[in-house]
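When you get a sec, could you build the whole thing from the sequences and use the hints?
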Amino acid sequence: MGIANIIFILLLGGATAWFTINFKKVIRNIRLGRDADFSDNKSQRWLTMTRVALGQSKMLTRPTPAILHIFVYVGFVLINIEVLEMLVDGALGTHRSLSFMGDFYNFLISFFEVLAFLVTFGCAVFLIRRNVLHIKRFTDKELDGWPRSDANIILTSEILLMSALFLMNAADQVLQSRGYGHYIQAGSFPISHYITPMLSGISDDGLVMIERVCWWFHIIGILGFLNYLPYSKHFHILLAFPNTYFSNLKPKGQFTNPESVTNEVKAMLDTTFTPPPADPNKPMRFGAKDVYDLTWKQLLDAYSCTECGRCTSSCPANQTGKLLSPRKIMMDTRDRLEEVGKNIDTNGEFRDDGKGLGNYISNEELWACTSCSACVQECPVNIDPLSIIIDMRRYLVMEQSAAPQELNLMLTNIENNGAPWQFSPADRLNWAKEN
Amino acid sequence: MAIELKVKTMAEYLASGETPEVLFWVGCAGSFDDRAKKITKAIVKILNHVGIKFAVLGTEEACTGDPAKRAGNEFLFQMQAMNNITVLNGYNVKKIVTGCPHCFNTLKNEYPQLGGNYEVIHHTQLVQQLIESGKLKVEGGSFKGKKITFHDPCYLGRGNDVYEAPREVIQKLDIELAEMKRSRSKGFCCGAGGAQMFKEAEKGNKEVNIERTEEALALNPEVIATGCPFCMTMMTDGVKHFNKEQQTKVLDVAELVAQNINE
Ligand code: SF4
Ligand code: SF4
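Taken in order, these protein sequences are the chains called A and B. Throughout the first sequence, residue numbering follows the working numbering, covering 54 to 488 in sequence. Throughout the second sequence, residue numbering follows the working numbering, covering 588 to 850 in sequence.
It is possible that part of the hints are untrue.
Partial list, computed: chain A residues near chain B (C-beta under 7 Å) [what the hints assert, rightly or not]:
| no. | residue |
| --- | --- |
| 1 | R231 |
| 2 | V450 |
| 3 | L460 |
Just so you know, the hints here were simulated from the structure itself, not pulled from any lab data. Just so it is clear, CB atoms sit at the ideal spot from N, CA and C, and this is done for glycine as well.
The following block contains the structure:
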């Protein structure tokens, strides 16, 4: 075993370990949320996941990005089969270890090259869409700073990874044609053979150098990419699957009836009713003040958000210039959750920092929502920003009595007259007598 | 509508020992709002016309709690819900038709968990069923050939996936159904939902109902059809804003149908 193999194996082990640590942290953070039961309708859940995450059904409503996204997605998934070969080669010091498959191997390699080309193309167009064309959902200010660079870093590194693959294959081809060393004739290269003429003047050693550098660049790049995921919106490539599996299968108009409130109300209406004892581990709270008060599914939503802004671009409040952006609701929830996670990492347990979701999301945003469900409908990974908005409103109203004055009036009317307006209940049937 | 409406309450049915087929849940807007009361009467006219035995709760009806719930006051919502459920279960109600998508959604989806289980349908669904089964005949009449666009109420459409019933009803009127670009699951809110009806909108550069009415008026329709008393208010205000009351009327699907029933 050569020194290169040992370095490779160490690298692979290190990258896997680091990813595992971060992944576990994410799972721990998600579990900070309240319980919610999603164990019903298994077959419908698998179907939803297959349709929405695997089949990208909700992307299709916008054809241009849908096609590009399919290129990148399919390319990315399938090219990982080639990465398997690279892992074997790297660990054992072999070269093109799967080439014993002969013609099928040639087919695979040429297929991967076409895919890699489509990925490169897709990413290039995405970069242009984001940075050159003025598409509103990509120029919104909530993307300023890290979110925007995050997207550009991802797209650029995918292009670099694919370019390295092409250059590696091109150098390999020249070496193959020269019959140099272990560079046996294998593979078929519909894209990278366009590069080979540019390399023909380079010495054997130079080519080996190029081939090796690209090989290492590609594999290190992929390991780096893997470890970048938990810090990035790109995490959606993994979380889209569980997130759609745990989709809300109920009608979008149906909101939760929090049991804590049901118990209180029952106790008020019926003096013989004794509410079941509350879970001592969870603070008793109406609505959501902080991430702890959301369910784990709402927190999984936050980690699954791709920041695509489809929700925001269909939001009537946002489209008419109000402060509300459902995408920002999801990004803020994730930011706060990460902050709470870091707090736990440093202190061993959560130390009250006097903050909550309200430090990220303002009341003005919350009160602008018409609860129209357009954001929920649009989200390509079945995220429900509306449920977080409502849970935060509940906290404002039931714990802080901080509803806008006009709403207080409406609520008082319901309480006193059984209608949101100030009419007497006795007049309810007047319409039947009027002409 | 000079014809006399026949309306009986649940209490009257009980007193006479009869049971109605369906409870008509009128809703607060349908009971008190002057414009929405016309929708209520149109629904009753249809029910009377086909001879369905229906009842209303009258003074025993109270707000479903929808605006309280959307505003975040879950307490008030559940108080309303439990009180209403006591009344409904007391009358052994099985089937409810509503004139409002908000009542429809709340009764259908949010009451069961609190002990209220009913078959709930929206009035456009009922009309559609009546036409399907041949009990109700509607023909072009006064709207024949006219251009009508339908504005999807969020709580009927996206909220409960009811997109076709109102459209099928409208199309029975031999009209030209013009669709807005944002329709069905992509429909654009009128701006009243989520308790917005009861407060000023937050600061922005436009009102939601203006944006929506503008989209509808771009089609130059003779009628903007709605299926919700709140959408009715918002779209009517929008049409007034653009001074288009002469060219474009805002009418509920029930009104379109009721106008073409010949007694
Ligand atoms: S539900 Fe609220 S946040 Fe979502 S699109 Fe409608 S108004 Fe916007
Ligand atoms: S919530 Fe969904 S639609 Fe909105 S930005 Fe995130 S992924 Fe996109």
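Hint by hint, here is what the structure shows:
1. Taking 7 Å as the C-beta contact cut-off toward chain B, the hint placing A:R231 at the interface is violated, the least distance being around 59 Å.
2. The criterion of a C-beta within 7 Å of any C-beta in chain B is met by A:V450, whose closest approach is roughly 4 Å, and the hint holds.
3. A least Cβ separation of about 5 Å between A:L460 and chain B falls short of the 7 Å threshold, and the interface hint therefore holds.
Checked against the numbered hints given earlier, the structure breaks only hint 1 and satisfies all the rest.
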